[in-house]
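J.: Listed below, chain by chain, are the residues.
4 protein chains.
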Amino acid sequence: MKDIQSERDYRRINIRKVGVKTISYPITVLDKARKQQHTVATVNMFVNLPHEFKGTHMSRFIEILNQFHGQIDVQSFHRILEEMKVRLQAEAAHLEIAFAYFLPRMTGQDGLNAGRYECRLHGSLAQADDLELQLTVPVSLPLKEQLASGLPRSRGHWGQALVAVRFRHFIWIEDIITLVERAVEQVIGQEQGQSRGELSGSLSVEFLTRQISASLAEVSALKWFSVTVENLFEGYSTFATASRPVSLPLNG
Amino acid sequence: MKDIQSERDYRRINIRKVGVKTISYPITVLDKARKQQHTVATVNMFVNLPHEFKGTHMSRFIEILNQFHGQIDVQSFHRILEEMKVRLQAEAAHLEIAFAYFLPRMTGQDGLNAGRYECRLHGSLAQADDLELQLTVPVSLPLKEQLASGLPRSRGHWGQALVAVRFRHFIWIEDIITLVERAVEQVIGQEQGQSRGELSGSLSVEFLTRQISASLAEVSALKWFSVTVENLFEGYSTFATASRPVSLPLNG
Amino acid sequence: MKDIQSERDYRRINIRKVGVKTISYPITVLDKARKQQHTVATVNMFVNLPHEFKGTHMSRFIEILNQFHGQIDVQSFHRILEEMKVRLQAEAAHLEIAFAYFLPRMTGQDGLNAGRYECRLHGSLAQADDLELQLTVPVSLPLKEQLASGLPRSRGHWGQALVAVRFRHFIWIEDIITLVERAVEQVIGQEQGQSRGELSGSLSVEFLTRQISASLAEVSALKWFSVTVENLFEGYSTFATASRPVSLPLNG
Amino acid sequence: MKDIQSERDYRRINIRKVGVKTISYPITVLDKARKQQHTVATVNMFVNLPHEFKGTHMSRFIEILNQFHGQIDVQSFHRILEEMKVRLQAEAAHLEIAFAYFLPRMTGQDGLNAGRYECRLHGSLAQADDLELQLTVPVSLPLKEQLASGLPRSRGHWGQALVAVRFRHFIWIEDIITLVERAVEQVIGQEQGQSRGELSGSLSVEFLTRQISASLAEVSALKWFSVTVENLFEGYSTFATASRPVSLPLNG
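One line per chain: the protein sequences are A, B, C and D, in this order.
Using the working numbering, the first residue of the first sequence is number 1, and each one after it goes up by one.
Using the working numbering, the first residue of the second sequence is number 1, and each one after it goes up by one.
Using the working numbering, the first residue of the third sequence is number 1, and each one after it goes up by one.
Using the working numbering, the first residue of the fourth sequence is number 1, and each one after it goes up by one.
No lab work stands behind these hints: they were computed from the structure.
A hint or two may mislead.
Copies of one chain are not kept apart here, so a pair can be met inside one copy or by any two copies together.
[As the list claims (entries may be wrong)] 20 angstroms max Cα-Cα, derived SDA-like pairs, lysine to any residue:
id, residue 1, residue 2
1, 223, 16
2, 21, 243
3, 17, 164
4, 21, 100
5, 54, 226
6, 85, 123
7, 21, 248
8, 35, 69
9, 21, 226
10, 54, 215
11, 21, 118
12, 85, 57
13, 223, 87
14, 223, 14
15, 17, 221
Please work from the sequences and hints to get the whole structure.
T.: Here is the structure:
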């Protein structure tokens, strides 16, 4: 019987991405305050497959992942990518890791002792090296009054800021979160001032996107950023997105 | 070779539920204002399997579903259950249908022309007949001011009320939604009054649950209800649940 | 009190995307066999916002959507985009519509009378016009034997093919689905032949991706396509992606 | 202005559940082989609220959770429930913890070094104490042949077994998983035998449910169990559920 694989010349078709995805994997990440933090990641790993190869060795992705025992930092991230290129004989290797990152809450004293931030690292190793960090930072409206009864309540979940950055130098995840949360607080403070002691509810996604962008544009450790602010309604949301390279200061 | 099925006496083990689930199916439902509404449902169908039967005929569930062409109302719902009991020779038949129900918005003039309500019908036919309707009604805080600029914004998604009811007499889904939304508005109106023209943000899940319960307790078309009110925080929520039979009025 | 909006020159920051997203909306779409099909869509609508504008008019997105009453076809899709550009004074308008599309099953006689295909239309109107259709087509392994008992069972959900296309001429969604399903069946048929009457389980994501790509490369109504085939494992999957422009035949 | 809370007698309505839910929290759990395992949990905590109380103290739930630093085992689980009853002055306290549990794979040598099992602990402290453990164990079909090329592939994700148990004595999660996986392997082995060296694809959810039930019925450390086996099709699934108390052996 003839082989379908030789009947059609499959070599004409390059496979741009081949690999494994949505692997659930326990990892440890570095943490500014406490040195090491345990969490659970979802991992995607893939390479290109030139037209002259029939297939890739899927099990090697898993072997490489196992070899690093879930220790994820900037160094190991790069070494995993290099290992993928070598062992899978690929020209381009890609690694995407998404995980929940927990931080002692900086604002508020009554809540959880740790806030949860969704975090993603997307890296590529081809002709050039590329690494993008994505962070989701929740945006809340503060409550002006506390009732005597002490009944707990919220104004609901206002929305979130999704920030993506590419690095010129190393910078802690914590420092980016702090910068975003301060930009949000500054806007809310201003809003409250305008409406004489009460929150006007006039926060716009456009204005918050620009305010966070203006803050990120001054961080010389970054070489590029993107900001998306989202405001939740009943079942849908409004959003605004801006993105820009970061210029180095003249005396930098 | 010996058959594993005869080695172990599988007949000792009754199967309480056997069937199909998460079938995606286009349906039409009756609608108070417009007579008929097209939507997409997720369907679960299952029966009991007495110990003396080896297995059920899964394809018959699908055949019965196809036979009704997605026309779902109180009558057809009951006929599907009866058909399941007969054709699958079962003592108990269960049907669960979840769908998005769209209604012209009753409050607000700037939004979508139709609000979306998650709706579930759970029915059983065994010794007795049982039908439960579940509805999710979004809860929002109103905005007191509209800025001159006309920038759109929300205070975020405050939360939702999940209402479940069992019927004594027929009552439109629309009428239950209206009743829940009025109870919420009454509470918000009172809150705004208390704090002299501004919303205090003091809505509690406990109070809203009781207020909606008090309204439902007066609807004699119902014979039982359950209310869960949920208030969203950043990534988690607070909630309260109450449930009660509905008494008939003395002169009812 | 000074206005934060005038303190910082917000005009330096262009907003690349501003709009509404994840709106749930009942729509009707054209259908090759039955002319019209009712389903429920999730809609994203956004435009660019040049730096000299403070914000956009979010409510106009909703007004435009309401104005078309959920009638979605190639013509209305384009008219919605034009309306967005005009009414929001934008240089670029974007519309994304995702919906479940139901088709009479072409293969198999025992299952649901309609298969569900996830479908997405992404369109942009800027200097040039762009429209991309994305389809998810389930991939199943056939069962060789039917037991005398008639017990229903599957070999599980093998995976899926995600196909994206850009059009040169109009082509029905049904025709793309048929082409993908035939390519899959051809590979499975060949596999069964190789292993003398039984399925070898040797389907690879690389080979299926190339086979579907080879089929799409011959469809002159398309000007570009991308194919991703995914094979599910326990909790993760393997995948392969190829994409290419489609050449016109010399005598086309 | 009159208080709406005193106008309506809210005291008539008991709140059956009040608390917090879907809190994301890093935890450590005990692990048979490695002593301690770090993972991320989703936590629900709630109590009853008698009619004479206006509301509960939501922040105390969080305080109690923080106080245990995420150390979850059978002892601490019970102490959290007791703390909830005391500090919230409740008659009934409920704690639900869901987490991913990772185990060295017992079957197969080529895959991930750790399998992921969804795990839930639901406990209540009222008149009586109740603790239920729920586990999701993936069910896969083995591949009979390995192609010379070494291309990785699967027959897809066949389905899963959801097992719930109540304990008479302590038993490791690992031991329940092993028992379920062995019952599945035994059925698959038998199936392969029947069809002379090839897998018939005839596994039924009914038969697997009974087989796993028969194995659990012999574990005297359990006092009750429930088994649901699910077989995935394209977009939907078939399932069967059985549940039973476990009898003690006469000489136990």
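J.: Determine for every hint whether it applies to the structure shown.
T.: Now for the hints, and whether the structure bears them out:
| no. | hint | in the structure |
| --- | --- | --- |
| 1 | 223 <-> 16 | between (27 angstroms within a copy, 18 angstroms between copies) |
| 2 | 21 <-> 243 | between (28 angstroms within a copy, 19 angstroms between copies) |
| 3 | 17 <-> 164 | between (23 angstroms within a copy, 15 angstroms between copies) |
| 4 | 21 <-> 100 | both (17 angstroms within a copy, 18 angstroms between copies) |
| 5 | 54 <-> 226 | between (38 angstroms within a copy, 19 angstroms between copies) |
| 6 | 85 <-> 123 | within (13 angstroms within a copy, 36 angstroms between copies) |
| 7 | 21 <-> 248 | neither (37 angstroms within a copy, 35 angstroms between copies) |
| 8 | 35 <-> 69 | both (17 angstroms within a copy, 17 angstroms between copies) |
| 9 | 21 <-> 226 | between (25 angstroms within a copy, 18 angstroms between copies) |
| 10 | 54 <-> 215 | between (49 angstroms within a copy, 18 angstroms between copies) |
| 11 | 21 <-> 118 | both (18 angstroms within a copy, 18 angstroms between copies) |
| 12 | 85 <-> 57 | within (12 angstroms within a copy, 48 angstroms between copies) |
| 13 | 223 <-> 87 | neither (31 angstroms within a copy, 36 angstroms between copies) |
| 14 | 223 <-> 14 | between (32 angstroms within a copy, 18 angstroms between copies) |
| 15 | 17 <-> 221 | neither (31 angstroms within a copy, 26 angstroms between copies) |
The structure is inconsistent with the numbered hints 7, 13 and 15, although it conforms to all the rest.
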